[in-house]
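Below are the chains, spelled out letter by letter.
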Amino acid sequence: MAETATATVSSQAALGHEAGHDPHATRTGISNTKLAMWLFLASDCLLFGALISTFLIYEGRLPAGEIGKEIFDIPFTSVSSFVLLMSSLTMVLAVAAAHRGDARNTRLWLAATATLGSVFIGGQIYEFTVFYREGLGFTTSIFSSAFYTLTGFHGAHVTGGIVMLVSLIVLSLRGKLPMEKAETVEIVGLYWHFVDVVWIVIFAVVYLVP
Amino acid sequence: MAVTERTTLELPAAIAEPEPLGVFARPRAKRGWRAWVTTVDHKKIGIMYGAASLFFFLIGGIEALIIRSQLAVPNNDLISADAYNQLFTMHAVTMVFLFVMPLAAAFANYLIPLQIGARDVAFPRLNALSFWIFLAGGIFLNTSWFLGGGADCGWFCYVPNSTVTFSPSHGVDFFAIGLLITGTASLVSAINLAVTVLNMRAPGMTLMRMPVFTWMAFITQMLLVFAMPVITVALILLFFDRRFGTNFFDVSEGADPLLWQHLFWIFGHPEVYIIILPAFGVISEIIPTFSRKPLFGYNFMVFAGAAIGFMGWGVWAHHMFASGMGPLSVAAFSVSTMFIAVPTGIKIFNWLATLWGGRIRFTVPMMYAVAAVAMFTIGGLSGVSHSIAPADTQQTDTYYIVAHFHYVIFGGAVLSLFGALYFWWPKAFGYRLSEKLGKWNFWLTLIGFNLTFGPMHVLGLQGMSRRTWTYDRGIGFDGWNLVATVGAFVLALGVLLFLVNVAVSTARRKSQPPVGHDPWDARSLEWMVASPPPEYNFDPIPHVRARDDFWYRKYGEDEFGRAVRIAATDDVVQPGGDRHVHLPAPSYWPLVIALGMPIIGYGLIFNLWLVVPGLLLVVAGMYGWSIEPPDEPEHTGPAHQEAADQPDGPGDSGGAGDESGAAEVSSASGEEAPVG
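Protein sequences appear in the order of chains A and B. Using the working numbering, you'd call the opening residue of the first sequence number 48 and step up by one each time. Using the working numbering, you'd call the opening residue of the second sequence number -15 and step up by one each time.
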């Protein structure tokens, strides 16, 4: 019966996965877990959409005399944004290694991705601390609340991604991430790229647009 | 070859997984309450969803009766104005989030896999998780009554009424956290069911052959996927304002209360369709069955449903015509709101055309379905009258609105869901509800409903404003209010008769002849399996060759297009099989995670330290979940040999939430010769 399923898999051009991949044939050719991740990310788009809208509405309503965007250190944030974007590259390399069945390089690139993500989070914590010292607290103004809420939610997402990456590394070390399960790496990769793409939008909208 | 591969894959998992310790040894109970609390079977979860939602219906109903009693006579002071505020808020929140949505979810859970020919949903343990989170959230919300009072801001909790300045009790905090918890449940369930529909259909079950109920439930799940995060953001901002001192809704800081309204209604208007679309699906199943005709205009029904799903996003601001958005927005939303009546009208005419010339049997489900169409039409028409902005500015926040949405939600959704209860009860439990009591139940409900909400149109047009605590004698409100209150009690009696019917029919079930697979001579796949269905649903998975496949296995057509029986029902249904089908194992972890969430909620409201044990429970639950294989390793016996060959095998999934259970749809289809 597994042969049947495998046959279905190979007959479906849509699947296009390597041989030996999860033999469960689904009607869309996309595995359940991956489809669920796509739906979750679709849902998350609306979450960030609502948060970004809130920020955009409120940044223009800042009462006179309150601290606003002039506090941002754009070169610093650009560097940490660049670090986060590079983590997408290492994530791609991790997925590629996982598909090749190269466990060592998978772990290596996963660790690199997690490290770059952590550097970004570290940068965010540093940035928040500096802003706080300069008088921009969470409850200072609607601008600061909207800013911290939006970037904080993004930071929480990155942190969640780092937890996933570390879990993958642990799984791999225990030998529970064989080539057949490369898709798990791919699914975490989807999440990671999504979080990166969202950051590009946030960085552009929050920091760069005057 | 593939088998060998699988085996090598599974064995390490089966051996390496230690048996979790102590109280959380793998649950094995097949019967009794343990089997229910650990189940991952979509049918049991569906039944639990139904029972829980009916329980909340009673709570919401009691709240409604108190409200109506307060309004029965002028200058009444049965309850205080403050209690009244809490009652109408909690009544609405309970009915919308804890009754109608979960009751529809009950049917979606129960029916979707059966209607598409699947063994289970895509993620059985996530399914259990969503039920338990919903229940935890519902109980959490209602405990607010004992911990300082319920929310008192109306179900849309407009700021600044809901800010800590104007609502200092913890009611709104319970509202925010409670809806966040139940929203999580909705999102989890929506992703799960949408994946199920997209991925788990039986061979031949193309999208355009799916029963309309499954279609409408699928559109509903997609609406939930996109609507839930928006209300999540709104509630989080509100909660930050209330407990952490931010200023998202503080006008003196430059904030804008319209933000809340926009966020709420961008969720809230799709929510209206989240409530009504499953009901449309139910009507589309019941009317063809009891007219003995195929659903008229299937394609139109599906596309109209999809159109409603899309257009539901473009009309949210019609809830805010009185908010001062500016003439251009008002005109745009006025027009878009009128347009959304078009697909809805298509559906109503298609139902009528299905009835036309049919051989109609007026069973209780059919009576409910037809009544729902009629009542929904009334509600829909008063809805169109709200789309005209100048009229709406007069009607808004009057009892006319109250009448409108009760005709839509109770008249459209609840009546058809009651029809669904009568229709699918024999499938779920193996015995029928009494038709005689059902007719009493139906007529009392319908008459009581119209007595209650019909007069509210008049009251609204006379100027009685919504959420009025009491009113003076002699301003023209007395008579109709008394009628409405009497109607409410008739309605309550009608609803109680449903419970009586359940009790009586359950007591009598032993003396009734068994209902068999197909008591209504119905059309879709769920009637092909035994009543109640076996745990594995189908054996083998059916191959679908047509829309209404089950019907066309029983009936052909003569030269005039009339149905002619070509096969006895007993020959086309699936006989009770004893084949061992490998199913995902029960689990405690969904319950553990769900238990943690209200504890976090209480912590956020009362004492942040309480968040810690709640978080620990959630994390422990997730950890236990992720190391627990979704399937019990096979305890081999001769009967299990075949199952071991199936490619679904014990779980080798590692990551949290990664489940492979029940993905074996095509594998067990029986089309190809089994290996070995």
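Just so you know, these hints were derived from the structure itself, not from any lab. Ideal Cβ positions, reconstructed from N, Cα and C, are used throughout, including at glycine. Hints may contain errors.
Which bits of chain A does chain B cover? Going by a derived footprint, with three or more residues having C-beta under 8 Å, they are [said to hold, decoys possible]: (1) 107 to 119; (2) 129 to 143.
Some chain A residues near chain B, calculated using beta-carbon distances under 8 Å [what the hints assert, rightly or not]: (3) L86; (4) D91; (5) L93; (6) N152; (7) T186; (8) F250.
Cross-check of the supplied hints:
1. 107 to 119: holds (count 3)
2. 129 to 143: Violated, because only 0 residues of the stretch 129 to 143 of chain A bring their Cβ atoms closer than 8 Å to Cβ atoms of chain B.
3. L86: holds (5 Å)
4. D91: This interface hint holds because 7 Å falls under the 8 Å limit.
5. L93: holds (4 Å)
6. N152: violated (19 Å)
7. T186: holds (4 Å)
8. F250: violated (20 Å)
The structure shown violates the earlier hints numbered 2, 6 and 8.
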